[in-house]
Amino acid sequence: MSQTLRIGGAIGAGLRKALEDDPKVLLMGEDVGKLGGVFRVTDGLQKDFGEDRIFDTPLAESGIVGTAIGLAIRGYRPVCEIQFNGFVYPAFDQIVSQLAKMHYRSQGTVPLPVVVRIPCGGGIGAVEHHSESPEAYFAHTPGLKVVSVSNSQDAYWMIQQAIASDDPVIFFEPLRRYQEKGEVDVSMADAPPLHSARVERPGDDVTVVAWGSMMKVAHDSATAAAEDGRSLEVINLRTLSPLDMAPVFASVRRTGRLVVVHEAPSHVGIAAEISARVTQECFYSLESPVLRVTGYDTPYPAARLEEDYLPDLDRVLDAVDRTFTY
Amino acid sequence: MSQTLRIGGAIGAGLRKALEDDPKVLLMGEDVGKLGGVFRVTDGLQKDFGEDRIFDTPLAESGIVGTAIGLAIRGYRPVCEIQFNGFVYPAFDQIVSQLAKMHYRSQGTVPLPVVVRIPCGGGIGAVEHHSESPEAYFAHTPGLKVVSVSNSQDAYWMIQQAIASDDPVIFFEPLRRYQEKGEVDVSMADAPPLHSARVERPGDDVTVVAWGSMMKVAHDSATAAAEDGRSLEVINLRTLSPLDMAPVFASVRRTGRLVVVHEAPSHVGIAAEISARVTQECFYSLESPVLRVTGYDTPYPAARLEEDYLPDLDRVLDAVDRTFTY
Amino acid sequence: MVNGDQNSTGPKKKAPAKRRKSASTPAADPDMVQLLTPEGRRVSHPDYDVSMTDDEYRALYRDMVIVRRLDTEGTALQRQGQLGIWASLQGQEAAQIGSGRALQQQDMVFPTYREHGVLWTKGIDPIMPFGLFRGVDLGGWDSRAFKFQMYTIVIGAQSLHATGYAMGITKDGKVGGDDGEAVIAYFGDGASSQGDVNESFVYASVYNAPVVFFCQNNQYAISEPVIRQARVPLFKRADGFGFPGVRVDGNDVLATYAVTKTAMDNARHGNGPSFIEAFTYRMGAHTTTDDPTRYRDSGEVEQWQAKDPIERMRTFLRDDEIADADWLESVDAEANDHALSLRERVISMPDPQPAAIFDNVYHEGSQLVDSERAEFSKYHASFEGSDHR
Amino acid sequence: MVNGDQNSTGPKKKAPAKRRKSASTPAADPDMVQLLTPEGRRVSHPDYDVSMTDDEYRALYRDMVIVRRLDTEGTALQRQGQLGIWASLQGQEAAQIGSGRALQQQDMVFPTYREHGVLWTKGIDPIMPFGLFRGVDLGGWDSRAFKFQMYTIVIGAQSLHATGYAMGITKDGKVGGDDGEAVIAYFGDGASSQGDVNESFVYASVYNAPVVFFCQNNQYAISEPVIRQARVPLFKRADGFGFPGVRVDGNDVLATYAVTKTAMDNARHGNGPSFIEAFTYRMGAHTTTDDPTRYRDSGEVEQWQAKDPIERMRTFLRDDEIADADWLESVDAEANDHALSLRERVISMPDPQPAAIFDNVYHEGSQLVDSERAEFSKYHASFEGSDHR
Ligand SMILES: Cc1ncc(C[n+]2csc(CCOP(=O)(O)OP(=O)(O)O)c2C)c(N)n1
Ligand SMILES: Cc1ncc(C[n+]2csc(CCOP(=O)(O)OP(=O)(O)O)c2C)c(N)n1
Ligand SMILES: [Mg+2]
Ligand SMILES: [Mg+2]
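Chains as they are written, first to last, in my numbering: chain X, 1 to 326; chain L, 1001 to 1326; chain W, 2001 to 2389; chain B, 3001 to 3389.
The following block holds chain X by itself, in its conformation from the complex:
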């Protein structure tokens, strides 16, 4: 059974399903109740599931994650909404020192099924602190799992899988794509595993790896490249920790060329990790070094500059061209 849903709506539908399936699931965060969140992702859920399960928190992110940990210890499965990417940092200590480590410290006796939802990335002309891409901080933190959704189908299924997971999951949502529509098979029996990458467009010449908001850019690039007679293989990473590298390795062994795209700054970013892994595994297959198309190593700039800051079709195609110059 298939429905057309916007990405934001698909996450909301997935949350609703999870709330129906498991009475232990809770949603908490700033303005998630009556308002339904500033992006309306939780719209209507408090009305239908009550203030006990969907509740507004005080304006304190460390408190959101810290109390979610206590609720998880009590046996709940809290889903925390961080209102915008730049506001997760006050909760950083609770996430990296407590949430990420507690299962390890407890020798496996205390699972922490906490999901932290973070709308991430730029592109909506917002003011500062609203357009950050903090994936690398969390991917570098052992004990956390990190995923990123890019379309309605994944949004609907991955949020449910994240909530069902007994590990803490940092769940990134591409805020500038919330409004994009897509088909969702809500009755699918075998959604792909949460921590799996997916080849979304087969190709022979160059592999392009991306996730979240950059999938659209990757697909558009592939379409444009095709017109120039160049065939790009597009891989949606979907999971950032752990990485699912097998499909990437397989692809690069065929294409010999890889371009990785992300919004975050490049210095010690996730593209660097992919480059290091691919170079080690596919050393003899590489016709060109792995090239990165990313945000620059500056703070996120003023809104009127973000078009120039963010990776776009032209920059991806430029990198694709450069992979043939080696």
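Misleading hints may appear alongside valid ones.
Stated by the list, open to error - With a straight-line cut-off of 27 Å between C-alpha atoms, the simulated DSS-like cross-links for lysine-lysine are: (1) 3171/B with 47/X; (2) 1047/L with 2236/W; (3) 24/X with 3236/B; (4) 1024/L with 2171/W; (5) 3174/B with 3147/B; (6) 3378/B with 47/X; (7) 1017/L with 2171/W.
Quick caveat, the hints were computed from the structure, so don't treat them as lab data.
Starting from the structure of chain X, add chains L, W and B with the ligands where the hints point.
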């Protein structure tokens, strides 16, 4: 004029010099006053410079960095001591959203000469949260500069350079090496620039890049390798943001082989960035992929396991051997 | 004159006491300092009073009318696509003008993103924050020259900066005496829950820093009513940290002025921090992207409408014959002129040059940023003459 | 019996009132609840009292003697290289035994790293935390089975976990009635400055969570005296957050018991959070790595020596003829036995297997960790027979 100083003592001596040279320099943190810090790095400084300039703060790290920012706006040059690596996270928001971005936001009108000293790494049999290596989090943050000292000479000079810098500097100190002695030329006219890497041991076969606590491991490995007739070139990175890659590129162009060593987990760690950069710049010179010898992607383990967790001579030599298997 | 230079319009100190037709009866709520009732009646308070010249009364009224008009223009500009977002101060004019006018030249302000009124009282060109909301810059201005820090969007973060700055004032020996310096940190009711704000109370108290925490309790943090932040009045928070807290009618410009002046003077004289809860109401949306009808009913808004800060001041000026109809009209006209000139200047704000992305990341530069800037220029040069962008 | 199972030794509820030779006069400091003076005299308090059987009095004394003796063993074991570090509770026995014994089976404890005494009152084998301090594990134990959470080293972090857990109790409808559940969160005077601790006050208040914040003010945060954290008594902090705060003589096991029992019962009956400041003193070093002579003088320590929690209880037991010399000796002997058995068992704690590094990083595993584990084993296998390690 040369003195023999322990690394901890050299940092203390450098702080003392900075306090003498500039009345605007302040030291703040937990137990930095009467106690002289838990590692005694600031021992005696409060007695000599007074409670106005060297002061104990309340037990709140966000407050330490947040008030340091205010003091810097006022015209001071605060040096914050974070007592142990694992306790910098409560200050993460103030560091990445405020300290790192304010100069950019102010269009250059508000420099933030704040130094955040962090004793990092493991190896002293400590309990949890005392042995972390959080460099990557800060190196991935535009607006911050990140350095790491590994010997008394660098300790003495780099702390003074960091304090003299008008940019915020995250200053990593290898806590397990605090007691190691070294010669310090306190009258040197031309200390190398703060953000420069250094070839510390020339070699022809394999390049080994490290910093901080791992320099000793790198040098010991080179000595051991020499006995097996293998010549390692050892490079002390010293600066993690920005990286000074020129000496690394030059070295790898000769050796064709690179091993990067750090304590932090490998996933999206600094070695990944070095691997990506070197592969891109030295693509045709590489005889082998860049290999990483790092902490594993687990939380820092119990003290009795840290010997197995941390990179050591054997693991470095093993990686060196593996660079010849490609 | 485009800006509200405080010498020309601010209350003078030691102003001669004036006739008070109606300053006898005490205010209703003993827990809330009030000097001007919603009906525009002057009332007395045992601990606080102001004696102002007619000029000063009129100046406060004029300030409020102008900043409200400018604020309306901000909202209009956003609606017309000239701004990315606008955070309205409507309803909070008295809290901002009253506190702002109580400051002295040497005092430093640490605002949130809503203190356009306070900015005006500092004599700053009101266009200054529009760069941030238009998206042409990150709000950057020389916060030290203006004695007014950049807007802070991360809730509560500025409270620690303010406290640290105040600690610096003490270290500089600039407290004690009427020319002492003091700091005012603005934040909202929602911010009172943040760890940073509470830590700033600890630091301010322990170091006896000359800082005044000015909390505009406008009853909401976006959609969350203040009961989501605290179950007791916010001004009570201060006591447990070791300094005085007071609630003032934030829609009463006279009371806000009196309370803030006292607190700032205490700070500048070395008597340490204090906390002011300005009890007010956010009449508009949280920002232009918000839809308040989703979480509050019109009845509530109407109740607060009846407590409007400007209305009550106008009534007072009229009843006490401090201002006549002509003058009141002239103020509206002046406010309009300000708004129109502001609009024109905002619309003509130029976009930054693309390469500005790489400016000022560091004060001393960086190899990494420099190389990226070079690549960027090379890359863009490659599009010369093409239809790219 | 190696552990302090609370059924066998804890105070029974509804114990018959006993004769009180000296329970008439009120305590000295009105701001601090006291039921047993440093001299061992029972005093009365208008709001708090306990009536215990002789068994119960003796049980509290026995607990304190045993946990002090076990603590001494911990320090000795560290000195002998058997532990990496030890955090001593010396001087805080009454605060920990009094509060711990006031808990009911269903109550959950969120400790710091110093609550060895509370752990004992929960009937847990005292060896449990030694794995952490020896470095053979990260303290991991089944915190839910024991109703005693893992030690928390990051100052203040557990206060939010405790509050969240308490919010869960409410959601489970487990408040109201004598069998209601409640939570106690321990932290120190230094922790009171952390943002997390203050945020936990906000959350606990807003959600009326059944949690008791138990602050052991032992006068120091490592080298920093409490004046570095606050310039007013810590118990006053609670009021401004909307719940009651009380200071109790933390060296008085009876008063601590009474005050904690009242607070926990209030919480379990749905009356919300409260804050207890147990005014006590850290007699020893912060930890075995600390040298207190660098920051405090012996005179101060001696003054507190005179307020020793065990001494005063012993005097009371003797003077009120609740215990005789033989029994007192037998307790010392029993404590010794506990200590010796503990020592043997600690010394024989095995080191973990190297590959344990990779265990339990995730509940559901991870490709990355699995591959590293495999490499690790392959690598170590390559050293078989060599002299490596
Ligand atoms: C740390 C952080 N979390 C969340 C946000 C998103 N946010 C922006 S304004 C706001 C509400 C602020 O309420 P209040 O402090 O009362 O100030 P007001 O907007 O009412 O003036 C929130 C939650 C933010 N800016 N910073
Ligand atoms: C967030 C954090 N910062 C710093 C430390 C280092 N540290 C360990 S104990 C301690 C002092 C704690 O004092 P207090 O809260 O009074 O507890 P006490 O040790 O006196 O029982 C400090 C600063 C830490 N563990 N966590
Ligand atoms: Mg508000
Ligand atoms: Mg203490």
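Here is what the structure says about each hint:
no.: 1; hint: 3171/B with 47/X; result: holds, 17 Å
no.: 2; hint: 1047/L with 2236/W; result: violated, 39 Å
no.: 3; hint: 24/X with 3236/B; result: violated, 37 Å
no.: 4; hint: 1024/L with 2171/W; result: holds, 10 Å
no.: 5; hint: 3174/B with 3147/B; result: holds, 15 Å
no.: 6; hint: 3378/B with 47/X; result: violated, 56 Å
no.: 7; hint: 1017/L with 2171/W; result: holds, 20 Å
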